Amino acid sequence: VGKVQFMKLMRNRANQLGGNFVLGEFMDDVLNTGSIPWSLIRWEMTGLDDEIKQLTTQ
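Residue numbers for the sequence shown follow our numbering, so the first one is 34 and each next one is one higher.
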């Protein structure tokens, strides 16, 4: 599950940044978020909140 969420986050961020995406910077950003759920990391880094909304409507 974690790998799938990580890959989704990386794909989302790469799509947002286009040619400005740098893998090393992305990894630093992920590691700097600390130990929080992937859905919150994705929301913090990309602004995409679809996973958060799914969690709060269940």
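Just so you know, the hints here were simulated from the structure itself, not pulled from any lab data.
All values reported here derive from a predicted model rather than from experimental measurement.
For every residue, glycine included, the Cβ atom is placed at its ideal position computed from N, Cα and C.
Treat the hints with care, since some could be wrong.
The calculated label-pair distances, taken between Cβ atoms and stated as ranges, are [what the hints assert, rightly or not]:
#1 56 <-> 81: 33 to 43 Å
#2 90 <-> 55: 26 to 36 Å
#3 60 <-> 81: 12 to 22 Å
Against the structure, the hints come out as follows:
1. 56 <-> 81: 33 to 43 Å: violated, 19 Å
2. 90 <-> 55: 26 to 36 Å: holds, 35 Å
3. 60 <-> 81: 12 to 22 Å: This hint holds: roughly 19 Å between Cβ atoms.
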